[in-house]
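**Q** Each chain, written out:
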Amino acid sequence: MNFPCYIQHQCAISPQHTFKADIFSAPLVTTDDNMLQVLPPDYAGLIPPNALRRMSKVLKMGLATAVQCLADAGHPQPDAIITGTGKGSLQDMEKFIKDIVTYQETALNPTQFIQSTFNAVNGLIALQQQNTRYNNTFVHRGLSFESALLDAMLQLAEGKQLVLLGGFDEVTADQFQIKSHSGWWKKEKIHSADLLQHVSPGTIAGEGAAFFLLGDQPAANSYAKIAGIRLLNRPGAAKLEGALQTLLATHQVQPDLLLSGRNGDSNYQHFYEQISAALPGVPEVSFKPLSGEYETAHAFGMWLGAEMIKAGKAPQQWFPADTPWPSKLENVLLYNQYYGEQHAFILLQKMA
Amino acid sequence: MGQRVLITGVGIITAMGDDVQQHLERLLNVRSGLGFTDYVNTVHQHVLPVAEVKHTDAALATMAGLPGTDGYTRTTLLGLVAMQEALRSAGSPDVQNARTGFINATTVGGMVETERVYFDLTDPAREGEYVASADLLDCGDCTQHIAAAVHIDEFVTTISTACSSAANALMLGARMIKQGLLDRAICGGTEALTRFTINGFNSLKNMDRQPCRPFDQQRNGLNLGEGAAYLVLESEALVQQRQAHVLAELTGYANTNEAFHATAPSPEGDGAFAAMRDALQMSGRSLDQVQYINVHGTATLTNDAAEGKALQRLFGQAVPPFSSTKPFTGHTLAAAGAVEAIFSVLAIRQQVLFPNLNFSEKMEELDIVPNTELRTAPVENVISNSFGFGGNNASLVISKF
Chain L
1 MNFPCYIQHQ CAISPQHTFK ADIFSAPLVT TDDNMLQVLP PDYAGLIPPN
51 ALRRMSKVLK MGLATAVQCL ADAGHPQPDA IITGTGKGSL QDMEKFIKDI
101 VTYQETALNP TQFIQSTFNA VNGLIALQQQ NTRYNNTFVH RGLSFESALL
151 DAMLQLAEGK QLVLLGGFDE VTADQFQIKS HSGWWKKEKI HSADLLQHVS
201 PGTIAGEGAA FFLLGDQPAA NSYAKIAGIR LLNRPGAAKL EGALQTLLAT
251 HQVQPDLLLS GRNGDSNYQH FYEQISAALP GVPEVSFKPL SGEYETAHAF
301 GMWLGAEMIK AGKAPQQWFP ADTPWPSKLE NVLLYNQYYG EQHAFILLQK
351 MA
Chain B
1 MGQRVLITGV GIITAMGDDV QQHLERLLNV RSGLGFTDYV NTVHQHVLPV
51 AEVKHTDAAL ATMAGLPGTD GYTRTTLLGL VAMQEALRSA GSPDVQNART
101 GFINATTVGG MVETERVYFD LTDPAREGEY VASADLLDCG DCTQHIAAAV
151 HIDEFVTTIS TACSSAANAL MLGARMIKQG LLDRAICGGT EALTRFTING
201 FNSLKNMDRQ PCRPFDQQRN GLNLGEGAAY LVLESEALVQ QRQAHVLAEL
251 TGYANTNEAF HATAPSPEGD GAFAAMRDAL QMSGRSLDQV QYINVHGTAT
301 LTNDAAEGKA LQRLFGQAVP PFSSTKPFTG HTLAAAGAVE AIFSVLAIRQ
351 QVLFPNLNFS EKMEELDIVP NTELRTAPVE NVISNSFGFG GNNASLVISK
401 F
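Chains as they are written, first to last, in my numbering: chain L, 1 to 352; chain B, 1 to 401.
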């Protein structure tokens, strides 16, 4: 895809100090529990108190991130609100499943059912912003966010000017346990900062929300241009390699940095090795030790890449001291794959 | 505005039947699919009518040509049956020969399986068991399985905007074809009845204990249904190249949001009005060129009042014949937009207007009543409405080709 698309504003709640924080001085946040959880901001002022009380973690962080992103932009009314989420409001879904059993299908509170609907965050954003325009939610596992990004780029290509794009997922104790059954997490407890050194089956869990205000025109304060994206479903090695080369050839760039979703999971490490090998001389850093693994982690990766491009520097204190940083950060290639099945490239470029 | 988007295949399974032909016969014979559930373990089994597909999971697997149900939820199996018919109906094209996408929709994905195993999955003492079930929680599961079974890999995604999901899937497919990203998109939705959704809607107190009565003064809520439906959309260029048979054209669509309430429409139907108006404008058709509207018509108090007012606002004194087919199929949630898009195609192909069952008394807040008889009429353009939680509204315009 090659449509004009510029990140005008962006906002993230993550396990790191990313929400209204100076990421270039904020300390690295780590865990020894194999589960990175977000640092919740003070939601008062972003979400009305009566609504806040009933909201799950993902509803709060999704809505607050969207609201703050629009506030940073001076409260524009976007032409579309498009999000991706792998699991939606897990807390609400879990509570409703349990209440059905506990109360034997009687006298159930509908709040959890309503909030477990996957488009609940989108509805809340539209309601709070009084936005009556295009509104869509993608729920396609590890390509939920990327599908939403594709829809957003289509909207801009169709003549819309501003699109609010978001990706969000939460981790819960139940969900951690469920995925543990399938061996998604490392059996040994590791220090999250050392994730990439522990190449073994599984990774560590994470969560977060990231929102972007995308425009069809460059603006004075734009973060970066989203030059191209490519989504792949169960590609073989040749198709993966071909997609990478086509993307780079189309834009005639050699990336300054590969910002990957490498996560220390030995089951799927070969995909990252393949992409790294196809880009000789291009330094690679991974965002997963900062975010943990979740369906829409690539949204955090894109947020981080755009922050680095705009500032022309990296939050180096979040990465190992021996990280080989490039001399310039103008073309950042993102590559992420989700459990071997779903792969995506996003090419970010510095504003001309 | 790019390529015209043509409908070249349809596939469906609901309580009304296992394929398009069975649905057509049952619509023409005016026989509802509503009954009670045999397969969902619920205290509401003999209380709340539902429109259930009367096949076990094992029977559905056989229909889908699978050796067994292993790894396939009911949601996936229903979807696979409808997908296979849609492809046959389109002349069994080689999906690897043209850029083919699959855009699926579901509201609760594999919940039908999840709710059976949830307490085992979350028990740390049972670590290591039920490995294959861990992914069933999400909505992408059915999509991935269906795509793999029919060898679609160019573009695959899943949409969930509550009851407007499948209409939004059709919209995205059409937009990707128009922008030249795909040559063919198979779009629709799949939904299995679950204890989760039955109790969810029951907790909202909008489930009727009788067969639902859309647009009736005495209406008292919806009945849930299950099923799957897909439409094959193709670019005009691909249709010409492979000399495909065209069933109808998707000429207009629009997605709007109510921005009013999490589960209720605005009283005057602002979102429904805007969605129908914008979709019709895109189609290039005028108000008087619409011969039939397949309304959302859930038979909840608020939907029918808001949707009816939107119809009156848009069409004034000349509201075309309209009906809700929910009393035939139940409300199939994420599949509903595709189920009713197929009914819209059938209305055009057969030149018939489908009746709104169970209507007897005009709503006091409206001046209009639904079409209650099966009758023949010239049908060139149909509006199909799908509205959902989160204020998500979608309207499609389907036209004779």
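Just so you know, these hints were derived from the structure itself, not from any lab.
Among these hints, one or two may not hold up.
[To be verified] Cβ-to-Cβ under 8 Å is the rule here; a few derived chain L residues that face chain B:
(1) L28
(2) T30
(3) T102
(4) Q104
(5) H181
(6) R230
(7) L231
[Claimed, not checked] What the simulated footprint calls covered on chain L by chain B, stretch by stretch (three residues with Cβ under 8 Å from a Cβ of chain B suffice, anywhere in the stretch; the number is not a length):
(8) 128-140
(9) 153-165
[Said to hold, decoys possible] Ranges between beta-carbon positions, derived for each pair:
(10) L:T323 x B:T62: 28 to 38 Å
(11) L:A107 x B:E364: 25 to 35 Å
(12) L:K328 x B:E268: 33 to 43 Å
(13) L:R54 x B:E365: 27 to 37 Å
Cβ coordinates follow ideal geometry from the N, Cα and C atoms, glycine included.
**Q** None of the hints should be skipped; say for each whether it holds.
**A** Taking the hints in turn, this is what the structure says about them:
no. : hint                        : in the structure
1   : L28                         : violated, 30 Å
2   : T30                         : violated, 24 Å
3   : T102                        : violated, 11 Å
4   : Q104                        : holds, 7 Å
5   : H181                        : holds, 5 Å
6   : R230                        : violated, 10 Å
7   : L231                        : holds, 7 Å
8   : 128-140                     : holds (count 12)
9   : 153-165                     : holds (count 3)
10  : L:T323 x B:T62: 28 to 38 Å  : violated, 56 Å
11  : L:A107 x B:E364: 25 to 35 Å : holds, 32 Å
12  : L:K328 x B:E268: 33 to 43 Å : violated, 56 Å
13  : L:R54 x B:E365: 27 to 37 Å  : holds, 31 Å
In the structure shown, a violation is registered for the earlier hints numbered 1, 2, 3, 6, 10 and 12, in ascending order.
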